[in-house]
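Number of protein chains: 2
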Amino acid sequence: MIEIRLIPQKEFKRIRAANIDKYTKLKILANMCRANAIATVKRAGSGHLGSSFSSLDIVTALYFAEMNIAEVGISHPDRDIYFSSKGHDVPGHYAVLYAMGLVSEEKFLNLRRHGGTHGHPDVSIAGIEANSGSLGMGISKAKGMAWAKQAKGAGGRVMVMTGDGELQEGQIWESLQTAAHQKVNNLIVIVDFNKFQSDKALKHIIDLGDLESKFRVFGWHVERCDGHDFAALEDVFARLKGITDKPKVLIADTVKGKGISFMESPTEWPDEKFLYKWHAGAPDDDSFEAGYGELTESINNRLQSVGLDALTTEIIETREKNRIKLKDTAEKVVNAYGEALVELGTQRKDMVVLDADLSADCGLRLFENAFPQRFIESGIAEQDMVSAAGGLALQGLLPVVNSFGVFLASRANEQIYNNATEKTKIIYVCHYAGLIPAGPGKSHQSVRDISLFGALPNVVVIEPGNAVETKEALRWCVEEASQSCMMRLAISPSPRTIPLPDDYHFTYAQGTVIIDGQDAALFAYGPVMLNEAMVAAATLQAHNCSLKVINLPWLNRIDEDWFKKSIADCDTVFVLDNHSRYGGLGDMVLNTAQKIDTARRKRFIKFGLDEYPACGTPPEVLAYHKLDGDSIAASILKTIQGS
Amino acid sequence: MIEIRLIPQKEFKRIRAANIDKYTKLKILANMCRANAIATVKRAGSGHLGSSFSSLDIVTALYFAEMNIAEVGISHPDRDIYFSSKGHDVPGHYAVLYAMGLVSEEKFLNLRRHGGTHGHPDVSIAGIEANSGSLGMGISKAKGMAWAKQAKGAGGRVMVMTGDGELQEGQIWESLQTAAHQKVNNLIVIVDFNKFQSDKALKHIIDLGDLESKFRVFGWHVERCDGHDFAALEDVFARLKGITDKPKVLIADTVKGKGISFMESPTEWPDEKFLYKWHAGAPDDDSFEAGYGELTESINNRLQSVGLDALTTEIIETREKNRIKLKDTAEKVVNAYGEALVELGTQRKDMVVLDADLSADCGLRLFENAFPQRFIESGIAEQDMVSAAGGLALQGLLPVVNSFGVFLASRANEQIYNNATEKTKIIYVCHYAGLIPAGPGKSHQSVRDISLFGALPNVVVIEPGNAVETKEALRWCVEEASQSCMMRLAISPSPRTIPLPDDYHFTYAQGTVIIDGQDAALFAYGPVMLNEAMVAAATLQAHNCSLKVINLPWLNRIDEDWFKKSIADCDTVFVLDNHSRYGGLGDMVLNTAQKIDTARRKRFIKFGLDEYPACGTPPEVLAYHKLDGDSIAASILKTIQGS
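Residue numbers (numbering that gives the first Met the number 0), protein chains in the order written: chain G, 0 to 642; chain A, 0 to 642.
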């Protein structure tokens with residue numbers, strides 16, 4: 000068994016009240032927050048420790064020494080404002096807010112659970128000043144807040160933390176130039192310069208060069224110090240109070256994973272192959288125990304050195320050690336995609352794969368290693384990546400552009416449009432499509448991407464249902480499609496391997512019946528929702544209702560003859576979107592039905608999202624949105640029996 | 000009468016073949032291109048002369064002296080590639096391509112006409128290497144081309160022209176950092192540094208500071224020269240051939256409107272109130288005659304000085320002088336919007352108006368002048384503008400965010416999403432909504448914006464039909480809406496003032512019957528399509544078909560009771576979208592009908608765009624897409640008689 004423990008608020012009160020050296024106190028508090036952060040991440044099963052730890056000394060210094068929140072409260076117009084633009088460092092931030100008494104114990108412990116704290120910052124949580132999680136927006140938003148403070152004559156500084164890789168986003172440089180021009184001088188940016196991105200060193204992704212000079216030439220006052228040195232931080236913030244003619248930046252040199260020896264990033268630039276392991280994800284049981292032990296030992300040693308009692312902690316969960324998890328055994332469509340990329344790339348020398356610092360998550364590493372000369376790492380700069388792909392395509396190459404759907408379909412939307420108007424062929428792969436996993440929250444759940452591609456007349460949108468179909472879909476996009484394609488791919492392990500019939504053939508604009516039935520038809524796509532559809536069918540079977548489940552991976556192209564036949568026996572047709580109810584397959588089905596006399600008189604009902612995707616575990620979130628198999632079955636039964 | 004004249008290709012051949020001083024020859028050729036450019040812009044009635052003229056000496060130098068296209072042709076893999084990222088300087092570029100014999104006379108003369116040349120570059124036109132017109136994408140795209148040239152071992156440089164205001168776009172800085180990191184050294188950027196944006200000096204919009212240092216600190220080799228000095232340009236391009244370890248930029252100091260004395264921008268920074276008049280739009284008749292005369296006089300003087308015969312030109316059009324145009328007399332909804340902004344802003348001290356260098360076009364100048372302290376000029380940096388608005392809203396202010404719909408809804412899509420998840424209230428105004436005017440082409444026609452906002456559950460989308468409704472709509476957004484709104488506004492003079500009934504009241508989620516009828520119902524919105532709907536109704540009346548025309552400004556909220564009643568008498572319902580057929584009011588109507596038993600059995604037919612919007616005059620383009628009143632009437636008649 001392993002124990003997950005919490006350092007309770009009263010312990011923070013005790014240390015804060017102690018009459019000890021102020022820097023020693025901050026060191027102890029920061030490591031207490033680290034211990035609580037790793038506990039919540041372990042409990043959640045995911046979260047970002049590397050940058051929580053690199054930034055935590057700074058956040059500790061801000062809240063416990065620098066900001067006026069403890070005096071004026073978190074709602075006062077004159078309060079100092081702090082938020083993180085990168086947002087994935089939020090487990091550390093929550094630990095500080097919990098320690099300050101702003102976030103309740105129950106909420107704090109339920110990281111990435113429905114009703115708990117979100118995987119990325121959300122303003123519904125006390126002390127969180129802005130939603131973030133998609134990179135590059137924070138300085139702009141902080142600038143707006145600081146402008147408003149000036150306009151209202153309110154006191155307080157606005158401070159925003161950015162990552163270093165995040166500085167690759169173009170919006171950062173927009174915000175730097177406008178803040179300087181508009182004289183928003185009550186604004187402080189803090190760069191958590193830990194020098195590592197998702198897993199590689201920043202220098203090897205897209206080097207930022209002379210960062211201090213860059214900020215200076217954009218009109219900013221620049222300070223630089225060790226982000227783990229509390230005296231230096233105090234000194235910098237004191238000095239910044241005297242700078243009133245420019246917006247200000249502190250470049251804080253930090254160590255990713257700081258505080259747990261084996262999580263700490265190298266302090267020298269490593270070689271290109273080096274992969275940092277602790278950016279995202281919960282530690283395994285042994286690493287958790289070792290890391291937690293190291294933190295508490297360090298805290299207790301410091302407490303002892305200043306004559307204080309050792310920590311008291313509370314057990315919040317015990318669990319069996321080394322449980323086998325779904326993710327270790329289940330099918331992952333993204334793995335099939337990665338394999339297919341290499342298979343196709345071996346034949347097609349014109350294929351070029353583009354990445355925006357998500358190579359491992361997007362299943363690109365196989366291709367990256369096999370064909371480094373045809374792999375373009377673009378850094379966290381999706382717009383540049385997409386327009387560069389446009390240039391490659393104009394020169395006759397076949398670009399395959401990858402990122403998470405939220406970032407690619409949305410951030411680079413106008414660039415995708417511009418490319419599409421040139422009528423070249425580009426394959427866009429929107430990873431992390433749909434509602435699940437729901438732990439990282441709405442900055443990462445891509446439930447608008449179909450609608451964002453929908454009005455591009457010459458782009459085919461596909462989501463495959465299992466590994467076999469994924470390979471077929473990519474092959475179709477590469478070998479058969481005459482124009483651009485968008486493929487959306489689930490990122491999680493599939494809840495089950497979706498079955499396909501023996502005579503399965505991936506056919507343009509046609510789907511596959513995976514469960515036959517007569518009482519109603521249900522269209523769905525992708526491993527997550529096809530699984531829920533199959534659960535619904537099984538539940539309905541027990542109620543003597545026979546549901547036909549059709550896997551339709553073509554989300555904006557439907558063969559009318561096939562469609563007419565596939566719903567011929569059913570008066571009521573349901574569509575299950577892993578997407579907003581707006582603009583997904585449901586609308587495509589409605590529109591197709593309007594063109595067919597026998598079809599348009601049937602009844603059509605769409606399942607999908609009508610609100611922002613909730614944060615939580617997959618079962619929690621599917622149930623909350625009534626998109627789990629049982630809710631779907633209940634709704635279908637009610638409709639059929641009522642009609 | 001005024002005459003519009005063309006300098007024919009044979010005259011360019013004559014001068015190019017003449018044995019005269021090479022710089023004098025280039026000066027003559029450049030002014031000949033200026034004369035042809037102003038002739039086509041005058042003929043088209045619109046186009047961008049200011050930056051066509053500032054960049055034309057450089058483009059002339061490239062095509063007639065520097066590039067290898069004359070030798071290898073425009074399809075050779077080893078050719079030098081040139082394109083303009085800003086794209087609005089394309090009348091000058093076309094003039095050069097015409098002079099080179101690449102673009103036919105017929106195509107060249109038909110600027111902004113259907114079947115002619117597009118208002119912004121399109122690859123369907125010989126010699127145009129990339130689509131542009133939306134700013135900031137060009138360096139990325141050129142980088143992709145240059146990367147492909149390296150990968151293929153092809154010769155030739157890739158050269159891309161940017162504006163200076165364009166450098167405010169964040170994507171520029173993404174592309175600078177990646178090009179340097181990726182060592183795409185066969186890439187040359189030319190900045191047309193004319194120092195003026197839409198109408199104000201760059202220094203007063205968002206100052207760029209020390210541009211040379213900025214490029215250098217981003218890892219680029221920097222050259223700078225007078226962009227009107229052919230010897231200096233030759234010198235720079237020769238020197239750049241020796242620079243192979245970095246991507247390269249030439250900052251060319253130019254004069255906006257160069258070549259016609261009264262169009263030339265000041266060479267010193269003017270004061271903040273100074274407005275440059277010649278960025279966009281055709282010159283009036285007197286200015287055209289004076290300007291054209293000045294150019295031909297200068298050309299002939301130079302020809303005479305080198306012993307060559309004077310120019311021969313051909314009359315291509317004569318027209319009555321000083322015709323009264325629609326735009327001088329018709330209603331413009333954007334004017335009503337501008338007035339309403341000031342009226343509401345007088346009461347609501349929390350209203351802040353944000354602009355992205357389109358203040359005049361978006362009707363903001365009244366507010367800008369009335370409340371300069373609550374007007375935020377953001378420059379050409381839509382993402383920063385939108386996130387800054389998010390920060391203002393979090394601080395309790397009410398931001399009203401303006402840009403053209405294509406730029407705002409698409410470029411800043413993820414920032415809008417992020418703001419919306421915070422559930423603050425922001426008003427987004429998508430100007431230049433819809434198909435018309437169609438002269439600037441698809442980079443400017445906003446026909447996807449409803450779909451790009453569609454999956455945001457808490458944003459209401461409205462397009463008002465006339466000036467009265469525009470004021471009501473804005474008032475509703477400011478005073479009554481509880482969450483964010485998107486208002487789309489036509490930018491052209493309205494074809495007629497759309498009538499409203501005497502008892503008109505702007506009511507949430509309900510429309511207004513503007514023509515009564517029983518044989519079919521047609522929903523439409525906005526001045527352009529309501530006008531076509533009224534034309535259709537009149538045409539159908541002559542065929543004894545009575546069409547009910549309903550103005551429905553609420554594009555994603557429909558009151559079901561009102562809807563049910565409004566179509567109760569009609570078995571067939573048409574919806575006319577000024578938008579892609581995907582995701583507009585048509586889909587909203589289809590979905591609403593599905594919820595109502597009596598409605599869902601009716602027949603629904605959507606009119607809208609199924610392809611990219613064509614370029615041309617409004618009648619040409621409406622007819623091409625079959626969205627003009629007559630085509631709509633014919634289609635309705637066929638449907639009703641066939642059913």
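Derived by calculation from the structure, the hints in this document are not laboratory data.
All C-beta atoms, glycine included, are put in the ideal place defined by N, C-alpha and C.
There may be inaccurate statements among the hints.
What the hints assert, rightly or not - Calculated pairs, DSSO-like style, for lysine-lysine (alpha carbon to alpha carbon, straight line, at most 27 Å): (1) A/LYS422 to G/LYS424; (2) G/LYS470 to G/LYS424; (3) A/LYS348 to G/LYS151; (4) G/LYS106 to G/LYS202; (5) A/LYS601 to G/LYS594; (6) A/LYS563 to G/LYS594; (7) G/LYS151 to G/LYS202; (8) A/LYS637 to G/LYS563; (9) G/LYS245 to A/LYS601; (10) A/LYS594 to G/LYS563; (11) G/LYS348 to A/LYS182; (12) A/LYS601 to G/LYS564; (13) A/LYS245 to G/LYS202; (14) A/LYS424 to G/LYS151; (15) G/LYS272 to A/LYS245; (16) A/LYS182 to G/LYS637; (17) G/LYS182 to A/LYS151; (18) G/LYS151 to A/LYS422; (19) A/LYS151 to G/LYS348; (20) G/LYS594 to A/LYS637; (21) G/LYS245 to G/LYS151; (22) G/LYS637 to A/LYS601; (23) A/LYS348 to G/LYS182; (24) G/LYS625 to A/LYS637; (25) G/LYS563 to A/LYS601; (26) G/LYS625 to G/LYS106; (27) G/LYS422 to A/LYS151; (28) G/LYS625 to A/LYS151; (29) G/LYS594 to A/LYS594.
To be verified - Listed next, the stretches of chain A that the computed footprint assigns to chain G, with coverage defined by at least 3 CB atoms under 8 Å from CB atoms of chain G: (30) 29–37; (31) 328–341.
Practice task
Would you mind confirming whether the straight-line C-alpha gap from G/LYS625 to A/LYS151 stays at or under 27 Å?
Solution key: 52 Å, violated
Requested in this report: Could you grab the alpha-carbon distance between A/LYS424 and G/LYS151 and see if it respects the 27 Å cut-off?
Outcome: 18 Å, holds
Report task. Assess, step by step, whether the Cα of A/LYS422 is no farther than 27 Å from the Cα of G/LYS424, and give holds or violated. Result -> 38 Å, violated
Item to complete: Quickly compare the C-alpha distance for A/LYS151 and G/LYS348 to 27 Å and report which way the hint goes.
Response: 11 Å, holds
Three residues minimum, CB to CB under 8 Å: does the region 328–341 of chain A make the cut for coverage by chain G? Let me know. The restraint on the region 328–341 of chain A is violated, since only 0 of its residues have a Cβ under 8 Å from chain G and three are required.
*G/LYS637 and A/LYS601: Cα distance at most 27 Å?*
24 Å, holds
| said: Hint check: G/LYS563 vs A/LYS601, CA-CA at most 27 Å. Holds or violated? | reply: 19 Å, holds
- Task: Quickly compare the C-alpha distance for A/LYS637 and G/LYS563 to 27 Å and report which way the hint goes.
- Result: 24 Å, holds
Check whether the Cα positions of G/LYS594 and A/LYS637 lie no farther apart than 27 Å. 15 Å, holds
Q.
For A/LYS348 and G/LYS182, compute the direct alpha-carbon distance and say whether it is at most 27 Å.
A. Satisfied, since the Cα-Cα distance of roughly 21 Å is no more than 27 Å.
message = For G/LYS182 and A/LYS151, compute the direct alpha-carbon distance and say whether it is at most 27 Å.
response = 47 Å, violated
Quick one, are G/LYS106 and G/LYS202 close enough, alpha carbons at most 27 Å? With a Cα-Cα distance of about 38 Å, the restraint between G/LYS106 and G/LYS202 is violated, given a limit of 27 Å.
Checked against the numbered hints given earlier, the structure breaks hints 1, 4, 7, 9, 16, 17, 24, 28, 30, 31 and satisfies all the rest.
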